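**Q** Protein chains in written order, with numbering that gives the first Met the number 0: chain Y, 0 to 374; chain S, 0 to 662.
Check the hints yourself; a few may be wrong.
Some residues of chain Y that are not near chain S, with every Cβ distance over 10 Å (derived) [what the hints assert, rightly or not]: (1) Y133; (2) K171; (3) W297.
Where chain Y lies over chain S, by a calculated footprint (3+ residues, C-beta under 8 Å) [what the hints assert, rightly or not]: (4) 252-258; (5) 295-309; (6) 378-389.
Quick caveat, the hints were computed from the structure, so don't treat them as lab data.
Computed from a prediction, not measured in an experiment: that's the story for all the values here.
Think of the CB as a built atom: it goes at the ideal place given N, C-alpha and C, for glycine as much as any other residue.
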Amino acid sequence: MLCGALVSLFACQQDPIPAKDADLNGTSVDISGIPAGISKVFTLNEGSMGSNNSTLDFLRIDDARYVTGAFKKMNPGVGAGLGDVGNDIVVIGNEVWMAINNSGLVEVISATDETEITAIKVPTPRNIAFDGKYAYVTSWAGAYANYGADYSITDYKNPKGQVYRINLKTKKVEDSIEVGYQPEGIACYKGKLYVANSGGIASSLPPDYSYDRTVSVIDTKGFKVSETIDVQVNLKGAFSDGKGNIYVTTFGNYMDIPSGVYMIDASGTVKHVADYVSVATVLGDTLYCIGTEQESDWSGAPKTWKAFTCKGGVKSALDISVEGNPYGICAMGGNAFLIGDAGDYFNPGTVSLYKNGRKAWTVDAGVIPGHFAIW
Amino acid sequence: MSVLRTIAALALFSVSWCLTAQETDTLSAAAVYGVKTRPVVRAAEEVYLPQQPVAPQQVAAVLQHFTGVQVKDYGGVGGLKTVNVRSLGSEHVGIFLDGIQIDNAQNMQVDLGRFSTDGIAQISLFNGQKSRRLQTAKEYASGAAVHLTTERPMRFFGSGGRFRLRGGSFGTVNPSLMWDKDLGRNLSLRTQAEFLTSNGKYKYPFFDTTLVRENGDIQSLRLEAQLFGNLRRGEWDIHAYAYGSERGFPGPVIRRAAGFPFSAERQADRNIFVQGGWRQDWTDRYSSSLKFKYSNDYTHYDTHPEKNPMAMPYDLHYRQDSGYLSLAQSYVLADPWSIDLSTDGQYNALDSDVGQFVTPRRATFTGALATRVAWYTFRAAAHIVYMGAWDYFDTPSAGGWSRENTYRDAWMPSLSVFWMPFQWLEIDAYAKRSYRLPSFNDLYYSQMGNSSLVPEQAEQLGLDIRFSERKPSNYHLDVRISPYFNRVSNKIVAIPTSSQFRWTMLNIGLVDVTGLDTRAEAGINRGDWFLEGTLRYSLQQALDHSDTDSRTYGNQIPYIPLHSGGIGLEARYGYWSLCWDTSISGGKWSRTANIDDYYIKPWSISDASVSRLCYLDNLNTMGMVPELTIALNLGNIFNTPYQIVQGYPMPGFNALLSIELNW
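Only chain Y is shown next, with the shape it has when bound in the complex:
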């Protein structure tokens, strides 16, 4: 998922660079309706845990091609491929950063030709945000508190997570800080990081068997947690609207508390914006969401999905007729969206372009196409 308002600052709109990946043919698609200024849209397919089948696809605008399995094709020397469970992808300048959760790596590649720049060791990385100097990566962090410094073990039977700070130039982990239980989404706005803590694992562990409900606010200057804001149980995503508001999504507790969207405004006040959200992304000042009221229906019957936007803390309906099992969304502007359908979550899924609310085309992707980034 795109993270942070700084995307627009870094999304360099330069002339296309001749790339080796031009040899990757992929599938021809119709790119009409996709706004100008976009060179590529990357799709990170999660794969299944333990199957080492996370893959990278991209939609190349200049010759209108959707290419699958690009990382392996452009990096034959990385024999094991992209790795196990790709959980987040962001574009930072001309680099693509990916959190490969169960490989313990943040993979950095060139946006022009998908060749590896480096892979940075971070235990169970989840999501990435960045500012002008650093990338910040949330981590469930296993047992190790202060992993970067001294490997000291804290409460390893129910450990809190960490945020790792990685220098964008040197690509080295410089620091880490403890946040809440199983931190997920992270957003960066004006010197502050907002970390959504889930407690997804803590909820099944003694002594409390409870979800985390907090957002940890980190001051990037001192790299200290300056504030902990109570929001709702089992938080998932954190997004900045670039205007001082932070949107936070929750999965709910799968019982009486539904999934939803909350907004933390500049004063730190929490406001409930919407219920029922499964996937969300931010573009500019608007949060784009897809959810279903049948999220607690386990019958396997097809669900009715509703898309909506949140802007300035106000929910509005969005006319997109989504079917299947939407798992990731990319808002490209101009009412054009890419939506990843996870299908049966076991076999390769699909990516579709939606223009003006209608599906324009569908292509085969990898297993669980869940995360997108625009370059």
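Since the structure of chain Y is provided, determine the placement of chain S on it from the hints.
**A** The following block gives chain S in isolation, referenced to the frame of chain Y:
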């Protein structure tokens, strides 16, 4: 190991093991009624272990040479090994020890890697319906069945025993001791102890490097005692079993940052059971068999996050208790016509410290009514089974959502026919519908289960055609051709709901399996020489027919090769024996999407063994001559890298030396 390698190189011409079909269709002169002694159907595959020159250490290794059986092996001595018969799914395959099911209500998977061949006389596979007198109702109720029969003491006076020491690759040391004692004319005792230790380390290729499998070590101890008693017109036995192990799970091989291990997961477990039976012929017509079992299983699973920063911090304990009682009755109405009624009751409980755990309990009743006619050349049996399971909870509202007690039931009819038009031709046919209950994990696993599941259904149609030509002292030729059709519907499949953390189980799968199992075996005897060759071939088209709109509709299901088979050769000369076996598994996919990314290439693996039997004449006591057998087993002779389950590399070349003393 270099010594063993040298021996291996010298013994490269050696040969394997072959499954000598055991003739069970005996016509006892004492039998009053033919229907009592004639089984309606034969086992599809059967091996009598005491006849094997070199029996493999694990039951799973025997089963992988049965046609139609897929052993899912995660690799290594301690790795999980489950069996799937004709694509039914391992949950449909009942594993029975002396007619009593070894079950696991938690996940319905029985790890056959835990069962040693020590003390097992016979391993049989039944497709369709096993149909014998005085079966338990559960024996009628599983889709396919693997029966393990314990070896009875063959000693009529005094005491005797067997000591066996196996050792070799992966730091394996495996001593076992069996001791029999005659306790009077109608009572005998058998005791057994077996210890196994292995470091589980082996090299495997990982893209352009070679890695060593770590954290795959195991230590296990098995203790058993059995009492066998004979009655005037019956028999009884009681069997106490205790198994404990501590092992590591090496985890899937994936891309992982240097310095982070693949896994630090450990599991300690303990299985204890006491089971027994009492069979009595009350009159010439009426017989009964009473069986019981109590089992208590404990598992401690720990991911050891302090040793692995990538681990999710789980430290969980499970305890399963199960009580079982079965009464089977058989009555000969008019020879060769009989009727059987079997009634089983079982109670299962699962306790755990998993968060929000509902502590499920299940009471199951299974009743089976069967009738048979058995002339010598034509036999038929019809069976109807009713199974009902009442699920309830000790903590139904754990985690805040309440579960309702549920009763699930199913009727399972089946029909078996046997016809022998000529002495050299036998034809078996069967039709069967069976169900497997959802496991506790399917139903109630925290954040995953779905309590509205219905039992998964398996329908089977099959034919066995057997040709045989034999002159016992000279040669034999046996050919079996078995076409079949299976349909598994309401298959339980895990699917995430609206979030990736929230999975559920649904009855949405439908698989159609069309297959053919064939097996040909030819042997000749010439003086001191005995030579035998076996060819196995299975064709298995297992297609996903779950959803016509799905892009994978009509594709081959994961891990089932279209073609598989093998060749076995055995040569015996005097006290020497040489065996060779090559198993071939055709191309398959690890996903229903039959695309290149998920294609698993065909592989063939060759094993060999050589053994020598010696009679220790100078230790002759009271006419009993102790026997010493020395055997060398060589696995994966050509050091072929392969994986049965993707991400779990199998060992390369390995050797196991075995010394066995019988006295």
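**Q** Looking back at the hints listed earlier, which ones does the structure fail to meet?
**A** Checked against the structure, the hints that fail are numbers 3 and 6, while the rest are satisfied.
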